[in-house]
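On the provided structure of chain D, position chain U as indicated by the hints.
2 protein chains.
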Amino acid sequence: MEIRADGDRLWHSLMEMAKIGPGKHGGNCRLALTDEDIEGRTLFQKWASEAGCTIRRDTMGNIFARRDGKNQDKDPVLSGSHLDTQPAGGRFDGILGVLGGLEVVRSLNDHGIETVSPFEIVVWTNEEGARFPPSMMGSGVFTGILEQDEIYKNQDTGGITVEDELLRTGQLGDVPCKLFPIKAYYELHIEQGPVLENENTCIGVVTGGQGSVWTHITLFGQGAHAGTTPMKYRRDPMMGASRIITEMREIIRNHSEAVGTVGRLETYPASINTIPGSVFFTVDTRHPNEEILMQINQDLKYVVKSVCSSEGLESEFKNISINPTVEFNQDCVATVRHSADSLGYSHRDIVSGAGHDACQVNHVAPTGMIFIPCEGGLSHDEAENTTPEHVSAGADVLLNSVIASAGA
Amino acid sequence: MEIRADGDRLWHSLMEMAKIGPGKHGGNCRLALTDEDIEGRTLFQKWASEAGCTIRRDTMGNIFARRDGKNQDKDPVLSGSHLDTQPAGGRFDGILGVLGGLEVVRSLNDHGIETVSPFEIVVWTNEEGARFPPSMMGSGVFTGILEQDEIYKNQDTGGITVEDELLRTGQLGDVPCKLFPIKAYYELHIEQGPVLENENTCIGVVTGGQGSVWTHITLFGQGAHAGTTPMKYRRDPMMGASRIITEMREIIRNHSEAVGTVGRLETYPASINTIPGSVFFTVDTRHPNEEILMQINQDLKYVVKSVCSSEGLESEFKNISINPTVEFNQDCVATVRHSADSLGYSHRDIVSGAGHDACQVNHVAPTGMIFIPCEGGLSHDEAENTTPEHVSAGADVLLNSVIASAGA
Numbered sequence: 001m002e003i004r005a006d007g008d009r010l011w012h013s014l015m016e017m018a019k020i021g022p023g024k025h026g027g028n029c030r031l032a033l034t035d036e037d038i039e040g041r042t043l044f045q046k047w048a049s050e051a052g053c054t055i056r057r058d059t060m061g062n063i064f065a066r067r068d069g070k071n072q073d074k075d076p077v078l079s080g081s082h083l084d085t086q087p088a089g090g091r092f093d094g095i096l097g098v099l100g101g102l103e104v105v106r107s108l109n110d111h112g113i114e115t116v117s118p119f120e121i122v123v124w125t126n127e128e129g130a131r132f133p134p135s136m137m138g139s140g141v142f143t144g145i146l147e148q149d150e151i152y153k154n155q156d157t158g159g160i161t162v163e164d165e166l167l168r169t170g171q172l173g174d175v176p177c178k179l180f181p182i183k184a185y186y187e188l189h190i191e192q193g194p195v196l197e198n199e200n201t202c203i204g205v206v207t208g209g210q211g212s213v214w215t216h217i218t219l220f221g222q223g224a225h226a227g228t229t230p231m232k233y234r235r236d237p238m239m240g241a242s243r244i245i246t247e248m249r250e251i252i253r254n255h256s257e258a259v260g261t262v263g264r265l266e267t268y269p270a271s272i273n274t275i276p277g278s279v280f281f282t283v284d285t286r287h288p289n290e291e292i293l294m295q296i297n298q299d300l301k302y303v304v305k306s307v308c309s310s311e312g313l314e315s316e317f318k319n320i321s322i323n324p325t326v327e328f329n330q331d332c333v334a335t336v337r338h339s340a341d342s343l344g345y346s347h348r349d350i351v352s353g354a355g356h357d358a359c360q361v362n363h364v365a366p367t368g369m370i371f372i373p374c375e376g377g378l379s380h381d382e383a384e385n386t387t388p389e390h391v392s393a394g395a396d397v398l399l400n401s402v403i404a405s406a407g408a
Numbered sequence: 001m002e003i004r005a006d007g008d009r010l011w012h013s014l015m016e017m018a019k020i021g022p023g024k025h026g027g028n029c030r031l032a033l034t035d036e037d038i039e040g041r042t043l044f045q046k047w048a049s050e051a052g053c054t055i056r057r058d059t060m061g062n063i064f065a066r067r068d069g070k071n072q073d074k075d076p077v078l079s080g081s082h083l084d085t086q087p088a089g090g091r092f093d094g095i096l097g098v099l100g101g102l103e104v105v106r107s108l109n110d111h112g113i114e115t116v117s118p119f120e121i122v123v124w125t126n127e128e129g130a131r132f133p134p135s136m137m138g139s140g141v142f143t144g145i146l147e148q149d150e151i152y153k154n155q156d157t158g159g160i161t162v163e164d165e166l167l168r169t170g171q172l173g174d175v176p177c178k179l180f181p182i183k184a185y186y187e188l189h190i191e192q193g194p195v196l197e198n199e200n201t202c203i204g205v206v207t208g209g210q211g212s213v214w215t216h217i218t219l220f221g222q223g224a225h226a227g228t229t230p231m232k233y234r235r236d237p238m239m240g241a242s243r244i245i246t247e248m249r250e251i252i253r254n255h256s257e258a259v260g261t262v263g264r265l266e267t268y269p270a271s272i273n274t275i276p277g278s279v280f281f282t283v284d285t286r287h288p289n290e291e292i293l294m295q296i297n298q299d300l301k302y303v304v305k306s307v308c309s310s311e312g313l314e315s316e317f318k319n320i321s322i323n324p325t326v327e328f329n330q331d332c333v334a335t336v337r338h339s340a341d342s343l344g345y346s347h348r349d350i351v352s353g354a355g356h357d358a359c360q361v362n363h364v365a366p367t368g369m370i371f372i373p374c375e376g377g378l379s380h381d382e383a384e385n386t387t388p389e390h391v392s393a394g395a396d397v398l399l400n401s402v403i404a405s406a407g408a
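Order-wise, the sequence lines are chains D and U.
Note that my numbering gives residue 242 to position 242 of the first sequence, counting from 1, and the numbers run on in steps of one.
Note that my numbering gives residue 250 to position 250 of the second sequence, counting from 1, and the numbers run on in steps of one.
Chain D extracted, bound-state conformation (with noise of 0.2 Å):
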């Protein structure tokens, strides 16, 4: 028989983790490594360690919070996700994937589950990037993906390191950030998307994801007075950018499943009667297939460089991050699919559309998902909103999930 989590205790949870770091309307902002995300990592501790858990930390600052199981040499079941929110974002991205092992915690203590194999929640640091580049910062130096001491020098835009920050916050633990053996990862998570709420699906089994790059592009034209010099004269780098962006939709729209976004815009210097000297601005490009992926990435190099050849402009294309598409492990996806299946929810196998923790993980462990619907598909909005139901239906296929890999 299926044992069940406490659906209204973890909606609460959540709840009183959204009071911390409140944005303006009903979301929340709590950038990695501000106070406000030190504050929403200090409940966190305060609860798992109520729960009967023994914290460390390590010099990612990201945090482990163990259950012992019933053999200590077993390699330990981890469950987790991120705390850090996007600049306006929402209550349950990251937040539900760590409250979720939480939960899990919380229930097995309910329930006097003893686990073979420990069990370990863990709050990765800097998932989101929003604040320090690049995104799933916390478990890509954890995994060997991205390097420690090339990462404690990235800078926000105020010019403060990740190192500083995790200094300042006493967040910098005293455990190496080094990949240990993990029995398997499991996160929950909303689909941040529109496809489970629209089919009327409870749970989605997560087979993979889609693969991302994230492009810095900066044009260079010529500053100039904006009443006084004709337009034949000249290099305005906003032309040349409205052109690409432009253009990169269409580039996009090409590939029936692809998408592309330009998040961030900045002309300098910034003023109403002045031509922008520069202008930068960051594309997002994501597909399921990694060949198509690059070849739109070229086709998009291409169109910058012809635009700024017909505007008189210079141009730098950066990639910052590329992302590989994702398979996840079909051990871990078959347990999942049969913890909804055994529990009556309603499932779907699907892909996700954006990088996950997990999706670090899964380089170095066996690795599953667990997506619940979310309203209108919104996320990173402070608008993102799910329902308890789906949220307690979440949290009864991780339990299962987790108890199915540790054994009890």
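Read the hints as simulated data drawn from the structure, not as lab findings.
Don't be surprised by glycine CBs; every beta carbon is placed ideally from N, CA and C.
Be a bit skeptical, because a hint or two may be false.
[Stated by the list, open to error] Non-contacting residues of chain D with respect to chain U, defined by C-beta distances greater than 10 Å in every case (computed):
no., residue
1, Pro-22
2, Glu-50
3, Tyr-152
4, Gly-158
5, Gly-170
6, Ile-182
7, Ser-306
8, Ser-346
9, Thr-387
[What the hints assert, rightly or not] With a cut-off of at most 25 Å between alpha-carbon atoms, the simulated SDA-like pairs for lysine to any residue come out as follows:
no., chain 1, residue 1, chain 2, residue 2
10, D, Lys-301, U, Glu-266
11, D, Lys-24, U, His-216
12, U, Lys-24, D, Gly-159
13, U, Lys-153, U, Pro-87
14, U, Lys-74, U, Asp-110
15, U, Lys-232, D, Gly-376
Same frame as chain D, now just chain U:
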């Protein structure tokens, strides 16, 4: 016989002033009412006092440095401009007009000339409008075009008001900012465009200025996750902005003398992996014919509406300032032309592409302007440059125009 100013002295003063609030690339950053701006104003007041002027400051921080005439009851002749700069501005825009006025006083002293009418150098507060909108603020209130009570409340991007800064910096003077009778007003300025240089002409006799419209446009869409939201479900304001900006240029290009610029664009929230919920940008459009200018404004408004309708966006379109076209006083224009002629400098009539304090003063007093060439027509850029020879010629024309109007 025409007398001459001391061009070397003026050039030296310009270079001294340029040391205050240095930019990163050889230009200046002295945004209105910042500590740097105050340092520049203080230096000017020291120099003007040393040259025998009496200083007074009005409630908008405008500075008047007076050299008495033979007849104190006569309306004074004024000459000046501004000391504030763009965020990445040049060493001459505005400063030449103020220090040109100072050079008039110094030259009159050298030659022992007592003019019949008094002469006053004026420093107008916040001509650029780069920190606090609108531009030509000090001269705008002085001439009654702007309301001081309203202007006091205007904020910079940090929420600091004009009144706050006038008080903090001690620039809020004891004389009410109110028009007084002016016999004539002259302003010496770099052209900020390429015409004089291209035509190898030393002096521009400015007959008037083109009109300008400043517009704030905000597009509202739906913020969402960049990886998980299919293209067809998006309402992406960055895509709308790109299309509008590209189409704006087409409208502008349909009118040979028109110019149009997007100097600032901001996405919210500015995150690489989030579709922006809203995008804000500025548009500066200008044309020498007011009817055509307003037609362009209507066309732009229509493009915003139609693009937003096809992209599923909402929009806000606000004309934040409309500066009508300007025709300078025929006597002042003739005086400038005659001075250039008598001094043997090549000259041509020219329409100003930029707005100037002179355009405001022109509403209330006989006004003329003198342009000198600048390198590559560049301005509002740190690379802004001119030559000691042109500066010297400009000062000569200004000096002789002032003497002609003030009587000697």
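Those earlier numbered hints the structure runs against, lowest number first:
No numbers; nothing is violated.
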